[in-house]
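Enquirer: At position 42 of the sequence shown the residue is numbered 42 (UniProt numbering), and the sequence of numbers has no breaks.
Some hints here could point you the wrong way.
Said to hold, decoys possible - Straight line, CA to CA, 30 Å or less: simulated DSBU-like cross-link-like pairs of lysine-lysine:
id	residue 1	residue 2
1	Lys137	Lys250
2	Lys370	Lys133
3	Lys199	Lys24
4	Lys24	Lys83
5	Lys75	Lys250
6	Lys373	Lys137
7	Lys24	Lys75
8	Lys373	Lys83
9	Lys371	Lys83
10	Lys373	Lys24
11	Lys250	Lys24
12	Lys199	Lys373
13	Lys250	Lys194
14	Lys75	Lys194
15	Lys199	Lys250
16	Lys250	Lys205
17	Lys131	Lys370
18	Lys371	Lys194
19	Lys127	Lys373
20	Lys373	Lys205
Simulated from the structure, these hints should not be mistaken for laboratory data.
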Amino acid sequence: MIPELLHVGLLLLMLFIGGYIGHKLNIPDVIIFLAIGLVLSFFIKPSEVMSFAAELGIVLMFFMLGMEFPFHQLKRMALDVYKPGLLDLLLSFGITLIICLLLKFDLPQSLLIGAVVYATSSSITVKLLEKSKRMVKRDSDYLLGLLIFEDIISPILVVVVASIYLKGNVSITELGITGLEIILLIAGALIIGKFIFSKAEDFIKQYIDEDFFVLFIVGVGILYGGIAVVMNLSEVFGAFLAGIMLAESKQAHILQNMVRNLRDLLMPIFFIQFGMNIDITQITMLPILLIILLWSVISKVATGYIGGRQYGLTRLESWRAGFSFTQRGEFSIIVASIGAEQIQTFSGIFILCSAVIGVILFQLSPNLAKKLK
């Protein structure tokens, strides 16, 4: 019997090689890791250790994401892009939900697929903007604002969709209870952030350089994620709120760096595990997949263009934003992992195709925008 330690060592080296190749070829690492998972699915199945590491990875990802946004910044950004953001939610989530219902999916499945289609991949988009040296352009500010809006909405969407999908038919009373639990968890984060972490500067400064302090920071994120699970909510939502608490500290950027290496170690394992759960021999509903894929591109291009014009961009900038905004990735994978095997396979192939198409459209976006302006 091959030791688990040997499996883990080989897996990490495989991830490094995949990441290195992706870096050299300018291929987003999410695509590489999913592809590795697909290949591995023919030979091995995820272990309990891998599943636990993957869960910690997504918790830490949303924990760090929350640390980007103190409360005042969340409010300002939401006001800047709320109109394009709501349009994005309507087209990518709402219309997808309706399409799925018309295609004979039940409501829980339709909600899940709608949530998978909703969020653009922040990691892929930001890396593409950086490598193409487009961060200084006005349409990039608009795209980043939309990504932040999605990052705020996404954890809440996970909670609602997961509650309905996992419970099946949910009554109005149960939805009300879930809404109350969400409000309580948010209120707890607001109170702790405003009255504890914002006033804990001396404590943080005194111990921030100590080796053991990272245990406190990671512990806060995982603990609040665990509290969310106890309340029948998503652990990623709890972790996101824990990050917002710590964002109230003036040392938030240093705290982020303390968590970054652990997140970067564990997140690829989540993508690998998801890829391993995709059974490509069971792919069905190809016509439906193509319809959803086509709409997913149309919805994001429409959001980019119409929302861009509302934001004050030129026609050229708005078209360029629209064609730079279609790739799905990490959040879609997190939502899809909630589903049953058939939905995971359907969603996994959609995400992989969407990521590849999105990267291609991003590269072509300047030329496409010039032709359409």
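Enquirer: Take the hints in turn and mark each one as holding or not.
Expert: Structure-based check of all given hints:
{"no.": "1", "hint": "Lys137 / Lys250", "verdict": "29 Å, holds"}
{"no.": "2", "hint": "Lys370 / Lys133", "verdict": "18 Å, holds"}
{"no.": "3", "hint": "Lys199 / Lys24", "verdict": "45 Å, violated"}
{"no.": "4", "hint": "Lys24 / Lys83", "verdict": "38 Å, violated"}
{"no.": "5", "hint": "Lys75 / Lys250", "verdict": "18 Å, holds"}
{"no.": "6", "hint": "Lys373 / Lys137", "verdict": "17 Å, holds"}
{"no.": "7", "hint": "Lys24 / Lys75", "verdict": "39 Å, violated"}
{"no.": "8", "hint": "Lys373 / Lys83", "verdict": "22 Å, holds"}
{"no.": "9", "hint": "Lys371 / Lys83", "verdict": "27 Å, holds"}
{"no.": "10", "hint": "Lys373 / Lys24", "verdict": "33 Å, violated"}
{"no.": "11", "hint": "Lys250 / Lys24", "verdict": "36 Å, violated"}
{"no.": "12", "hint": "Lys199 / Lys373", "verdict": "51 Å, violated"}
{"no.": "13", "hint": "Lys250 / Lys194", "verdict": "12 Å, holds"}
{"no.": "14", "hint": "Lys75 / Lys194", "verdict": "15 Å, holds"}
{"no.": "15", "hint": "Lys199 / Lys250", "verdict": "10 Å, holds"}
{"no.": "16", "hint": "Lys250 / Lys205", "verdict": "10 Å, holds"}
{"no.": "17", "hint": "Lys131 / Lys370", "verdict": "21 Å, holds"}
{"no.": "18", "hint": "Lys371 / Lys194", "verdict": "50 Å, violated"}
{"no.": "19", "hint": "Lys127 / Lys373", "verdict": "26 Å, holds"}
{"no.": "20", "hint": "Lys373 / Lys205", "verdict": "52 Å, violated"}
The structure shown violates the earlier hints numbered 3, 4, 7, 10, 11, 12, 18 and 20.
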